[in-house]
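Undergrad: Residue numbers (my numbering), protein chains in the order written: chain Z, 15 to 120; chain Y, 6 to 601; chain D, 43 to 532.
These are computed hints drawn from the structure, not numbers from a lab. One or more of the hints may lead you astray.
To be verified - Part of the chain Z face toward chain Y, derived, beta carbon under 10 Å:
{"hint": "1", "residue": "F33"}
{"hint": "2", "residue": "I42"}
{"hint": "3", "residue": "I115"}
{"hint": "4", "residue": "F120"}
By construction, the Cβ of each residue, glycine as well, lies at the ideal position given by its N, Cα and C atoms.
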Amino acid sequence: MVTLGHYLTVSGLLFTIGFAGVLLRRNIIIIFMSLELMLNAANLSLVAFSRFRLDGAGIPNYNAQVFVFFIITVAAAEVAVGLAIIVALYRARQTTHVEDISNLKF
Amino acid sequence: MTFPWFILLAPLASAALITLFTQRSKLVSSCISVAAVLASFVGSIVVFVRPNIRVPELTWIDLRPAFYVPLGLVLDDLSKTMLLLVTGIGALIHIYSLGYMKDDAGKSRYFAALSFFMFSMIGIVLSNNFVMMFIFWELVGVSSYLLIGHWFERNAAAEAAKKAFLTNRIGDFGFMLGILMVWTATGSVGFQEMAQQLSRITSHPGYLTIATLLIFGGAVGKSAQFPLHVWLPDAMEGPTPISALIHAATMVAAGVYMLVRVGFLIQAAPQALSIIAWIGTITAVMAALVATQQSDIKRILAYSTLSQLGYMVMAVGLASGEAAMFHLFTHAFFKALLFLGAGSIIVMLHHEQDIWKMGGLAGRLGITFLTFMAGTLALIGFPPFSGFFSKDAILSLAYEKNPAIFWLALFTAFLTAFYMLRLVVVVFFGKPRSDRARAGREAPWVMITPLILLAIAACGSGFGFVARLFLHLPGGKETGWLVPGMAFAATLSGMILAILLYRRRESDPINLALFRKAFYFDAIYGFFIAATQGILARLSAFIDRWILDAGVICGTSSATWGFGSLLRLLQVGNLQAYSFLLGLGIVGLIYFTLFR
Amino acid sequence: MILPFIVFCPIAAALAILLGAPARRTALWAAGVTLAATAFALYGFETGRPGFQFVSSLPISSDWRINFTLGLDGLSLMMVLLTAVVTFAAIWFTGVIADREHAFYACLLFIAGGALGAFASIDLFFLYAFHELALIPTFFLIGIWGTGNRQAAAWKITIYLATGSFILLLGLIMLYRSVPEAARSFDFRNLQQSASMILPQAQGHIFLVLLIGFGILVSLFPFHTWAPEAYASAPAPAAMLHAGVLKKFGLYGLLRLALPLLPQGAQQWSTLLIVLLLGNILYVGLVTIAQKRLDWMLGYSSVMHMGYIFLGIASGTLLGTSGAAILIFAHGISIALLFGIAGEIRQRTGTLLLTDLGGFGKVMPRAALAFGLAAFASIGLPGFANFSGEVMVLFGTFRNGANLNHFTIFQVATVLALWGVVISAVYMLRAYRSVFMGALRESWASVIDLRPSLRLPIGLLVALSLWFGFFPQSFVRIVSPVFQSYFIQK
Numbered sequence: 015m016v017t018l019g020h021y022l023t024v025s026g027l028l029f030t031i032g033f034a035g036v037l038l039r040r041n042i043i044i045i046f047m048s049l050e051l052m053l054n055a056a057n058l059s060l061v062a063f064s065r066f067r068l069d070g071a072g073i074p075n076y077n078a079q080v081f082v083f084f085i086i087t088v089a090a091a092e093v094a095v096g097l098a099i100i101v102a103l104y105r106a107r108q109t110t111h112v113e114d115i116s117n118l119k120f
Numbered sequence: 006m007t008f009p010w011f012i013l014l015a016p017l018a019s020a021a022l023i024t025l026f027t028q029r030s031k032l033v034s035s036c037i038s039v040a041a042v043l044a045s046f047v048g049s050i051v052v053f054v055r056p057n058i059r060v061p062e063l064t065w066i067d068l069r070p071a072f073y074v075p076l077g078l079v080l081d082d083l084s085k086t087m088l089l090l091v092t093g094i095g096a097l098i099h100i101y102s103l104g105y106m107k108d109d110a111g112k113s114r115y116f117a118a119l120s121f122f123m124f125s126m127i128g129i130v131l132s133n134n135f136v137m138m139f140i141f142w143e144l145v146g147v148s149s150y151l152l153i154g155h156w157f158e159r160n161a162a163a164e165a166a167k168k169a170f171l172t173n174r175i176g177d178f179g180f181m182l183g184i185l186m187v188w189t190a191t192g193s194v195g196f197q198e199m200a201q202q203l204s205r206i207t208s209h210p211g212y213l214t215i216a217t218l219l220i221f222g223g224a225v226g227k228s229a230q231f232p233l234h235v236w237l238p239d240a241m242e243g244p245t246p247i248s249a250l251i252h253a254a255t256m257v258a259a260g261v262y263m264l265v266r267v268g269f270l271i272q273a274a275p276q277a278l279s280i281i282a283w284i285g286t287i288t289a290v291m292a293a294l295v296a297t298q299q300s301d302i303k304r305i306l307a308y309s310t311l312s313q314l315g316y317m318v319m320a321v322g323l324a325s326g327e328a329a330m331f332h333l334f335t336h337a338f339f340k341a342l343l344f345l346g347a348g349s350i351i352v353m354l355h356h357e358q359d360i361w362k363m364g365g366l367a368g369r370l371g372i373t374f375l376t377f378m379a380g381t382l383a384l385i386g387f388p389p390f391s392g393f394f395s396k397d398a399i400l401s402l403a404y405e406k407n408p409a410i411f412w413l414a415l416f417t418a419f420l421t422a423f424y425m426l427r428l429v430v431v432v433f434f435g436k437p438r439s440d441r442a443r444a445g446r447e448a449p450w451v452m453i454t455p456l457i458l459l460a461i462a463a464c465g466s467g468f469g470f471v472a473r474l475f476l477h478l479p480g481g482k483e484t485g486w487l488v489p490g491m492a493f494a495a496t497l498s499g500m501i502l503a504i505l506l507y508r509r510r511e512s513d514p515i516n517l518a519l520f521r522k523a524f525y526f527d528a529i530y531g532f533f534i535a536a537t538q539g540i541l542a543r544l545s546a547f548i549d550r551w552i553l554d555a556g557v558i559c560g561t562s563s564a565t566w567g568f569g570s571l572l573r574l575l576q577v578g579n580l581q582a583y584s585f586l587l588g589l590g591i592v593g594l595i596y597f598t599l600f601r
Numbered sequence: 043m044i045l046p047f048i049v050f051c052p053i054a055a056a057l058a059i060l061l062g063a064p065a066r067r068t069a070l071w072a073a074g075v076t077l078a079a080t081a082f083a084l085y086g087f088e089t090g091r092p093g094f095q096f097v098s099s100l101p102i103s104s105d106w107r108i109n110f111t112l113g114l115d116g117l118s119l120m121m122v123l124l125t126a127v128v129t130f131a132a133i134w135f136t137g138v139i140a141d142r143e144h145a146f147y148a149c150l151l152f153i154a155g156g157a158l159g160a161f162a163s164i165d166l167f168f169l170y171a172f173h174e175l176a177l178i179p180t181f182f183l184i185g186i187w188g189t190g191n192r193q194a195a196a197w198k199i200t201i202y203l204a205t206g207s208f209i210l211l212l213g214l215i216m217l218y219r220s221v222p223e224a225a226r227s228f229d230f231r232n233l234q235q236s237a238s239m240i241l242p243q244a245q246g247h248i249f250l251v252l253l254i255g256f257g258i259l260v261s262l263f264p265f266h267t268w269a270p271e272a273y274a275s276a277p278a279p280a281a282m283l284h285a286g287v288l289k290k291f292g293l294y295g296l297l298r299l300a301l302p303l304l305p306q307g308a309q310q311w312s313t314l315l316i317v318l319l320l321g322n323i324l325y326v327g328l329v330t331i332a333q334k335r336l337d338w339m340l341g342y343s344s345v346m347h348m349g350y351i352f353l354g355i356a357s358g359t360l361l362g363t364s365g366a367a368i369l370i371f372a373h374g375i376s377i378a379l380l381f382g383i384a385g386e387i388r389q390r391t392g393t394l395l396l397t398d399l400g401g402f403g404k405v406m407p408r409a410a411l412a413f414g415l416a417a418f419a420s421i422g423l424p425g426f427a428n429f430s431g432e433v434m435v436l437f438g439t440f441r442n443g444a445n446l447n448h449f450t451i452f453q454v455a456t457v458l459a460l461w462g463v464v465i466s467a468v469y470m471l472r473a474y475r476s477v478f479m480g481a482l483r484e485s486w487a488s489v490i491d492l493r494p495s496l497r498l499p500i501g502l503l504v505a506l507s508l509w510f511g512f513f514p515q516s517f518v519r520i521v522s523p524v525f526q527s528y529f530i531q532k
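Modelling step: build the complete structure from the supplied sequences, incorporating the hints.
TA: This is the structure:
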C-alpha cells in the first residue's frame, strides 16, 4: 500500500533536493530550477493530503487541490518575471554565477 | 502711617535713579544720593521723637499656616537709635565723599552703590522678622562687594571684594540654618512671635544651643569675628569713606545689632553665651596683637575695628546687650572719625598709606590732627572721652562674670592704647619721612566738617546724660573705682610705652612676623581651601569629564558602534548565505512553535 | 481661542520664515505678539479658581481618547509666560547670522512653539508630541551654527534626550494603562479623577520611570553630562532657550503628572531623589568650580541649580513645591540672561577662557551690569526671584517631618543643599572677577559694549526677576492653588 507517508517522504526529499540546490548551486538558472522543484514538492504534499484526508462521507477535501492550481499559476508568473530579471542581470554583469553578484556586502 | 517706609525707600529710589538714568552726570548723581540720605536722616529724627508709630505691613510670602513672612518695620528704642546712628553717620560720610571722590571716574557708580548700601543697612535695622533681616543682610553684603570693588581694575580690590562676599556667605550659611531651626521650633520668623513662643524651643536646650550658635555664625561673618575675620583687613582696598561707613560704623556693627535684637533667644542658651563671649575675646586680643605690627594706616584701623567688635561680641556673650550697644554707639562715632581722618591724610598726601612715609603732619594737617587725637583718645578709653565709659561698662561686666576674660580684655585695652599711640606718634610727630609728607596740606572744608562733628560726638557721647537719651545703659554694678582704675592704668601704660618706643624713629624697631602676617591666617585658609575644595573640585571635574561622560556615555555609544560593526559581518552579500540563514530560521521557528 | 493662538503663532511664523518672509523681523514680531498675548492671558487669569482656564478642545481620535486640548492653570500659565519672555529675549539677542539665517530663526521659533504647546497641553499625547517638536531644532541649532565641538555635542544631546523621551514615553504609557480600561484617558483632568485607582506598587514603578525619564530631560545627576558641552557649543539664543525653557519641561512634567497622580510613588522614591539631587548640588557644584571656561561653567551651573528645584519637588510640602515653581521661573530668566551676555562676549573676543579675559567692566559697562545682576540673581541674592524660590524650598524641605530631637533625611538634605549657596557664590564670583574685573588686556581695549537695543530684553528679564523677588506673593498666589490639592493629607 502506498500511504500518505510515502507521498510525504517523496515530497520532503524533493523539497530537500530543491533547497540544497538553492543553497549549493552556483548558476542562477539552476537555482531557479531548484526553486521550482521546491514549489512542486509543496504541490505534491498538498495533493497527497487532499487525496488521503477523506471526510466522513469519503469525499476528499478539494480545497488543497484548488490551492495547488494557485501555486502553479503563481509559479508560472514568478518564472516569467524571474527569468526576465536574470536576463537583465546577465546583460548588466555578463555572468550567471551568483557569487559574483554581492553588491550588498557591507 | 506710612512715612517710616520712606526712610527705607528713599535711598533705594536714589540708587535706582542713578543706575538707570543719571550715570553720565556725576553732579546730579551725587546730589540725588546726598538728598536721599538726608531725607532718611530727617525721617529718622522725626521717628525718634515720636513715640508709638504703627507702620503698615506688606506681605512678602503668605502660605499660612505653614509660612508667613511679612515686610514690616519695627520701631522700638533699639531700632530708633540705631537708625539715627546709621543715617546720621551715613549722611556725614556722603558729604565727606563729595570731597574725597571728587575726581573719581566712577563717582556715579559709587553714589549709587552707597545709596543701595544705605537702603540695605536701614533695612537690617528696621526688619521685624528674621527672613526680612536675612534679605537685607545679604543685600548689605552685596553693597559691600560693590563698594570694596569700586576700583575694580585693581586686582587687589577685585580679590578683596570677592573674599568679603564669600566669607560673609559662609556666615550666612550658618545664619540661615539657625533661622530654619528656630522657625521649625517656634513656628514663626517674626521676632515678637518668636519671643512669645520661646518656651517651645527652650525645652530642648541642645537644639537651642546649636540654633543659637548657627545664628551667631551670621554675626561672625558680618562682624568679622574669628575665624571669619580675614575679609575685613583686605576690605581696606575700598575707598576710605566706605571703610569708615561700612567697615567701621555700620555694616560690621550689624552683627552685634542682630545679636542684641534676638537677645531673648541667645540669653536662653548659656553654653552658647560662653562660646560667644570667648570668640569675642579671642578676636579682640588677636586683632590687637596684629595691629601693633601693621604699617598701613588703614590696616591698623581695620584691625582696631576687629578688636573693638570683639569687645562688643564679648559683651553680648556676657549677657548684656546694653553694654554691647553702648560700645557700638560710641565706637561708630570715633571709628568713623578715625577713618575719615585717615582718609583726609591719605588724599592730601596723594594716596600714601604707609605710616613710615608720613611724619610731622601735626602742624601741616592741624584740624585733622586734633580730631584724630580726639578719636584716638576715645578709642583707647582715656577719660572723659566716650570710649572710656563704654569700654568700662564691658570691663566691669567681665570682671563680674568671667575673670579670665576680664584680664584678656584689660590686656587688649593696653594693646589698643599701644598701637594707637604708635600710629599717632609715627604719623603726626617727628620729621616728615617723604616728599609727599612734606607737601601735605589741610583737607578742604567739605571733608573737615564731618571730622569736627564726629569729634564732638566722640567727646560727648559717652556721658551718661547724653547716652541715656539714646540707649538703655547697662545696669548699675558697684565695683567702685577698681575696674575703671585698672583700665586707666592699662591705657596709660600702653600710651607711655608707645611714645617711648616710637618717638623719633625712621622704621619699626620691633619686627614680629607672626603679628605682621596676622598669624598667617590667609596662608592657612588658602592652603586649607586648596586642599579641600580645590582638590575635590578637580577630582569631580575629572570624574565627570572622563568617567561619567567619556566612560559611560561615550562608552555606551562606542559599544553600540562596536556591536553594530559585529553584526555587519553577517552582511556578506551572498544570496546563498542569506538563503541558508533563512532556512535555519524557519527550521528554528517550526521547532519552537510546534515542539515546545 | 487665545491659547491656540499663543501656541501656533511662533509655529506659523517659523513656517512663514522658511517660505521666505524676512527672517529677523517676522521672528521679532511673532515673539512680541506671543508675549503680548501671554500678558493678556495673565491679566485675564482668575487666581484661586480651581481647574484649568482658557480651555479649548479639538477631538482627534475617540478610539484612543486623544483630544487636542489646551488649557492653563497657575503653574502652566507661569511656564507659558517664561517661555514667551525668554523667546522674545533670545530672538532679540540673536546677532547677525552669516548663513542660512531663515533656518536659524525658524528653528528658534519651532522650539518656542513646541515648548508653548507642551506647557499649554492638557492632553498627555500632545504634551509629549510638542516636546518632541522642540527637540529636533536643537540638534540643528547646535550642529550647524554652534561653536567648538559642535557636531559631537549636537549628537550627544539629541540622542541622550531622545533616550530620555523614550523612557518618558514608557512611563506615560504605563500611567495610561495603570487605570482600568473604562477610565483610561490621555486627558489630564480625567487622570486626576481616576488617579485614586492606581495601586501603590504600580505607583512606585511608574514614578520611578517618570522620574528617570523626566530626570534625563532636566539633567538630574547622574544623567547630566549632555548639558555642559551642549550649552557651551550652542549659539547663545539656543542656549538661552534650551537652558531657560526646554530643560524646565521635565520639572513641569514632574510637578504636573508625577506628584499629583502618584503620591505614594513619590514617597517611596523620595530618598533616592534626595540623594540624586544632592549629587546635582554638591558634586556638580564642585565640578563647576573646576571649570576654566565661562560657557562650561554656566552649563554646569545650570545643572547644579536644578538640584534645588528637585529639592522642592522632593520636599513633600506645599511650601517647598511652590518654591520649586518660583525657582523654575527665576532660574529660567537668570540663566537666559547669563548665556545671552556670554554669547555677546564670545562674539567679540572669540574666547571664553577665563584666564584670557579680564577687565571687561571698563569697556563693556552695560554688559558688566547686566551680567552682574544675573549672576547675583542666580546665586540667590535676595531681591531676585531665585532667592524667593530658594527660601521657600529650603523652609519647606526642612519642615518636613521635623523633630526637635533628631534630624531626618529632609533636614540633612536641607543643610547640604544650603552649602550649595556657598559653592555657587564661589564659582560665580570667581567668573565675574575673571571676566569683568582686574586689568584689561591690550587686545581687548577696542571691544565695544552691548548694542543699546539690547536694553529692552535685558530690562524685561531683570524687571521680572526683581518683581518676583520683591513681591513673591504675586507668584505664590497664582501657583499655590494648583498644589494645594497635592498635599491634603499633610
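Undergrad: Could you run down the list of hints and mark each one as holding or not?
TA: Do the hints match the structure? See the list:
1. F33: holds, 6 Å
2. I42: holds, 9 Å
3. I115: holds, 7 Å
4. F120: holds, 4 Å
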